[in-house]
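Asker: Whenever a hint applies, use it, and build me the whole structure from the sequences.
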Amino acid sequence: MTRLHKGGCACGLVRYHVQGNPSICQICHCTFCQRRSGSAFATVAYFDERDVTFVQGELKQYQHRSDESGRWLRTEFCPSCATTVTHTVEVRPGLRAIAMGTLDDPEWLTIQRHIWVQSKRSWVSIPEGMVTFPKAATA
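Residue numbers for the sequence shown follow our numbering, beginning at 5 and rising by one.
Bear in mind the hints are in silico, worked out from the structure with no lab data behind them. It cannot be assumed that every hint is accurate.
[What the hints assert, rightly or not] Per label pair, the in silico range of CB-to-CB distance:
1. Gly-98 x Glu-132: 13 to 23 Å
2. Ala-140 x Gly-42: 20 to 30 Å
3. Ser-123 x Leu-8: 29 to 39 Å
4. Asp-108 x Glu-72: 33 to 43 Å
5. Phe-58 x Trp-112: 34 to 44 Å
6. His-21 x Lys-64: 28 to 38 Å
7. Val-128 x Gln-23: 26 to 36 Å
8. Ser-43 x Arg-78: 29 to 39 Å
9. Leu-17 x Pro-138: 21 to 31 Å
Only a predicted model underlies this, so the values are computations on that prediction, with no experimental measurement involved. We put the beta carbon where it would ideally sit given N, CA and C, even for glycine.
Answerer: Now the structure itself:
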């Protein structure tokens with residue numbers, strides 16, 4: 005039986021359930037993720053959209069179009085506390101990225117790669133042997 009994982013925003017208005025395992029867990033160092041997260045990077049786990057169910061609250065959306073690729077990223081956040089809960093991207097149809105920090109227990113996930121390391125902050129360290137991509141991942 006597939007384990008059910010739960011999560012939500014900082015204020016508790018938005019809650020979700022996710023089943024199954026993510027297709028990839030990654031850290032993104034792109035400048036947009038730095039700005040939208042207010043941090044040096046974003047940690048995300050991509051799940052099949054059908055495995056993510058919102059059980060409480062509604063999310064607001066903001067769509068960003070990349071200056072470099074022209075592709076869109078649609079971020080979804082709590083209208084009350086502004087926590088970024090999830091996003092979808094044009095290059096990954098059918099998948100939904102869950103912000104790993106919004107999971108009630110994110111410890112079961114393992115980071116598999118770092119992307120956009122060309123814009124990584126100089127004071128951020130990446131573990132030796134970790135898979136990295138200078139820009140977006142190729143798969």
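Asker: Each hint should be assessed against the structure and marked as holding or not.
Answerer: Hints, one by one, checked against the model:
Here the CB-CB span from Gly-98 to Glu-132 is close to 34 Å, at odds with the stated 13 to 23 Å. Range check, Ala-140 to Gly-42: Cβ separation about 22 Å, and the 20 to 30 Å hint holds. Between Ser-123 and Leu-8 the beta carbon distance is about 35 Å. The supplied range of 29 to 39 Å therefore holds. Taking the beta carbon of each, Asp-108 and Glu-72 are about 35 Å apart, inside 33 to 43 Å as hinted.
A hinted range of 34 to 44 Å for the beta carbons of Phe-58 and Trp-112 is inconsistent with their spacing of about 21 Å. The beta-carbon spacing between His-21 and Lys-64, approximately 20 Å, falls outside the hinted interval of 28 to 38 Å. About 32 Å separates the C-beta atoms of Val-128 and Gln-23, a value consistent with the hinted range of 26 to 36 Å. Taking 29 to 39 Å as the suggested C-beta distance range, the pair Ser-43 and Arg-78 does not conform, at roughly 20 Å.
Checked against the hint of 21 to 31 Å, the pair Leu-17 and Pro-138 fails, with Cβ atoms roughly 38 Å apart.
The structure is inconsistent with the numbered hints 1, 5, 6, 8, 9, although it conforms to all the rest.
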